[in-house]
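Asks: The residues making up each chain are set out below.
Protein chains: 2
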Amino acid sequence: MPTSEFELIQRCFVDQGLGFARAGVELGIGDDCALIAPLAGEMLAVSLDTLVAGVHFPLGSLSPLDSSAAAPALIANRALAVNLSDLAAMGAAPLAFTLGLTLPHDDAQWMSEFARGLLPLARQFDCPLIGGDTTRGPLAITIQVHGSVNALRAPRRSAARAGELICVTGTLGDAAAALQLIGAESHLGRRLAFSREPNNSDSDYLRSRYFAPSPRVAFARAAAPFMGACIDLSDGLLGDLGHILAASGVGARLDTLTLPFSPALSNTLDPEQCELAALSGGDDYELCFTAAPTDLSAVRDCAAALGLPLSVVGEIETQKGLRLSRGAEPIESPPSAYQHF
Amino acid sequence: MPTSEFELIQRCFVDQGLGFARAGVELGIGDDCALIAPLAGEMLAVSLDTLVAGVHFPLGSLSPLDSSAAAPALIANRALAVNLSDLAAMGAAPLAFTLGLTLPHDDAQWMSEFARGLLPLARQFDCPLIGGDTTRGPLAITIQVHGSVNALRAPRRSAARAGELICVTGTLGDAAAALQLIGAESHLGRRLAFSREPNNSDSDYLRSRYFAPSPRVAFARAAAPFMGACIDLSDGLLGDLGHILAASGVGARLDTLTLPFSPALSNTLDPEQCELAALSGGDDYELCFTAAPTDLSAVRDCAAALGLPLSVVGEIETQKGLRLSRGAEPIESPPSAYQHF
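Protein chains in written order, with numbering that gives the first Met the number 0: chain B, 0 to 340; chain D, 0 to 340.
Isolated chain B (complex conformation) (with noise of 0.2 angstroms):
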């Protein structure tokens, strides 16, 4: 008799403990639904994501037949990073995830290592698996987050207004340049292309910031309060940084100059390279977000505290569209943000 899902699921999710018990959350795993009790005034936020083998991370590296113990794990690690991601975009802090794995066959052993890969997110943010579907076909992984905040505080993409200067934390383009790294294409194609060599450190460094993102929580939930707009820069500043002029009925302007590139990304590309991967790579999952200038200094602290960097990009402007410059230079053709089809 084969391993039924209801002894799958037991052993690779519950008995690995991502089931784990935390207030507000009254039922997990094991029933037809589970139950979240909402703090007092709090109201719950939630996102799903689906990634999918192939188009959302490397197929070939990263197969169920793959002999590399560690893919299902850095698969996993990611796929709960980009949407713990979407709450701190939302200025909400963690409550709880449910999962939906499809996989091609049954691979309790692909299943343990994906759980595995879970565990230290689940456990850093306090964010336990209550429920979900375990399902076969194609390999594909849907994640909805639930996030606990209150409405008044949380900033969303239609608060931007003109005159608030737009941030970004951490530095932009490792994630595509791990992409170029490992083979696979980014947001961009193949349009990036190394002047030197990565050393291992660098490229350690640039596939780490692809594979296992920081989600910006608790740096959006100090500095929500004095947060215009916000978004997470999954499909890279220009396609995000858009979503929230085209919600908010407001433009931009842009310095591609004061954009944040880590080391490692300046240590492997051109300057101009480095500025393509950060506009339109993706996947950095770095927070955009708005602030009046007077809370510039409330908003450095926040981030300081964390040891987090911050930067300031650009700002909003009343006229429409976005204009991007490097310095006083205007840039008449950027290039496209990323097509999801």
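Hints listed in this document are in silico derivations from the structure and should not be mistaken for laboratory results. Quick caveat, the model's predicted, so the values are computed rather than measured. Built from N, CA and C at the ideal position, the CB exists for glycine as well. Don't take every hint at face value.
[Claimed, not checked] Computed Cβ-Cβ distance ranges for the label pairs, DEER-style:
#1 A22/D to S194/B: 52 to 58 angstroms
#2 D14/B to R160/D: 43 to 49 angstroms
#3 A211/B to A161/D: 31 to 37 angstroms
#4 V13/B to K319/D: 18 to 24 angstroms
#5 D14/B to L38/D: 47 to 53 angstroms
#6 V13/B to T317/D: 23 to 29 angstroms
#7 R21/D to P224/B: 25 to 31 angstroms
#8 E331/B to H104/D: 29 to 35 angstroms
#9 A211/B to E196/D: 56 to 62 angstroms
#10 A304/B to T317/D: 56 to 62 angstroms
#11 P308/D to V13/B: 35 to 41 angstroms
#12 A211/B to D203/D: 39 to 45 angstroms
[Stated by the list, open to error] Over the 10 angstroms line for every Cβ pair with chain D, so calculated as not near, a few chain B residues:
#13 D14
#14 A22
#15 E25
#16 C32
#17 S46
#18 T49
#19 R135
#20 I181
#21 A211
#22 P292
#23 L321
[Unchecked claim] Beyond 12 angstroms from chain B on every Cβ pair, some chain D residues (computed):
#24 A139
#25 R160
#26 A221
#27 P262
#28 S265
Guided by the hints, dock chain D onto chain B, whose structure is given.
Replies: Here is chain D on its own, set in the frame of chain B:
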């Protein structure tokens, strides 16, 4: 320039009215997270299900390349219905749903029809679409539903007690017969055989039972105060009742002569085949629940008020295991429940 994901979602889902406003939904489609405000004193019940083409619905007749205009709408309707059924099994009132849709290629018409197929149930249960993700890949649909429930009244799987009666709503086995009818495999594989070819009316009825299951939300909301444990029947009565017995640490006896069959099923299958379909066919999405004998008349009143058949099919017992009989005659080797892998 290709149509962006954002525009597709706008056109197919939002413009068709799926993102309608309702109390409890503070922020819907279009931001990093949706915001849900549960009712005072209520908890949020959540459930996620993935449906994969070729596994959870027949691929041959329903692929995006198929010429049948109704197909995407049928898939959509079924995907939302089976999720709403999980809310029913928890006695929860639907609030909103999220959707992860993975499609092999950009097909606005397919998506439009899919969206149109979601609308009737979304409206009927006042359950708008509040967010999700559209990705490229092998056809699969993940839906998470969110409902509101008084946690003290939610009939958990672990709440069955010896002496309670085992009840089922509606009729069982119809969905397995429908799959047999369209040449697809049910949870039983191909073990069903029609003793008589169904006439058009019976055929239409059986198909509708598979493609358009009726989530028993209204009944469950009314009857929840009288229920012990409750589960919805996705894998077949044997498997699903088994989950209640395991979670509650009890056993049960079941008399198959009391199983409810539709006229369409009885017209086309021999009695033993009806029994097999009901016990292990799955996909009926009726409710199986327990109730104290003293609450049976109250439960019957709830069903009668909705014109819903209600059958008592067995009793919870202290002795573990499931004991099947046909009247007084014990059944020695029951068919195994559906295994996902």
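Asks: Tell me, which hint numbers fail for this structure?
Replies: Hint check: 2, 3, 5, 12, 15, 16, 17, 18, 19 and 24 fail, others pass.
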